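Sequences are here, hints too, so could you generate the full structure?
Residue numbers 371 to 577, in the numbering used here, belong to the letters of the sequence shown in order.
These aren't lab readings, by the way, just hints derived from the structure by calculation.
These figures come from a predicted structure and were not determined experimentally.
Mixed in with the good hints there might be a few duds.
[As the list claims (entries may be wrong)] List of simulated lysine-lysine pairs, DSSO-like, C-alpha gap at most 30 Å:
no., residue 1, residue 2
1, 379, 469
2, 466, 454
3, 550, 534
[Claimed, not checked] With beta-carbon atoms standing in for the labels, derived distance ranges:
no., residue 1, residue 2, range
4, 524, 450, 33 to 41 Å
5, 437, 477, 17 to 25 Å
6, 407, 373, 26 to 34 Å
7, 524, 447, 18 to 26 Å
8, 446, 475, 14 to 22 Å
9, 524, 551, 22 to 30 Å
10, 551, 485, 32 to 40 Å
11, 540, 486, 18 to 26 Å
12, 473, 410, 17 to 25 Å
All residues carry an ideal CB built from backbone N, CA and C; glycine is no exception.
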Amino acid sequence: MMRIIAGTKRGRSIFSIPKDKFVKPISGRIRQSLFDILRPYVTGAVFLDLYAGTGAVGLEALSRGAAKAVFVERDGLCMKTIEKNIAHLEFAEQAKALKADVLSGVKWLEHFSDYKGYDIVFMGPPYRTEENLPLFYSMETLKLLAEAGITTPTALIVVQHHRKEEVSAPPGLEHVRREKYGDSDVDFFRPVKKQPSDGSDAAPVKQ
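This is the structure:
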């Protein structure tokens, strides 16, 4: 059983997806490590969880003080699970679950950030189809995000992907960090600054 790791809902259970539905939820180890890195940025953040699955990452962000979380998922069973988790953890006023295909575009999601931009974006696209064929959604999604301009200037964009999937920064984003966990890599990106900066507002995650 998955549980919230820390924050106001620490220890509370999260409803999951049956294992035969070919949904691979983020592991507790990766979620813990991810939020150790994101800790300075979560409080008050507007959080976007793409390919949300059970919603575990966005729910963890809300528990740790994010102001709002938007979940995007196209699978109907996953959507019902996210909505169930939002109600179970009493996050209805802070969370919005949207059924949509991320690869069809993300510009429309700016409305759900109240046009202020997302401070943190997490995406964990599926690695494989039900027929066990590899999927490579990460780069296309990064390009859509960079082109849409729906993040804040100091946002962090986090991608969990299979280590065999090549992921790099598209125009408009810069790569700042990579963590490795077995067959998964987690890459961190941020928008390229349009104006010179003294670096005082840069997110200190670069290795």
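Tested hints:
1. 379 x 469: 25 Å, holds
2. 466 x 454: 12 Å, holds
3. 550 x 534: Status holds; Cα separation ~12 Å.
4. 524 x 450: 33 to 41 Å: 34 Å, holds
5. 437 x 477: 17 to 25 Å: Hint holds: Cβ distance 22 Å, inside 17 to 25 Å.
6. 407 x 373: 26 to 34 Å: Violated, since residue 407 and residue 373 (Cβ atoms, about 20 Å apart) do not stay within the stated range.
7. 524 x 447: 18 to 26 Å: 35 Å, violated
8. 446 x 475: 14 to 22 Å: 20 Å, holds
9. 524 x 551: 22 to 30 Å: 26 Å, holds
10. 551 x 485: 32 to 40 Å: With a Cβ separation near 35 Å, residue 551 and residue 485 satisfy 32 to 40 Å, so the hint holds.
11. 540 x 486: 18 to 26 Å: 23 Å, holds
12. 473 x 410: 17 to 25 Å: Violated - the Cβ-Cβ distance for residue 473 and residue 410, about 31 Å, lies outside 17 to 25 Å.
Checked against the numbered hints given earlier, the structure breaks hints 6, 7 and 12 and satisfies all the rest.
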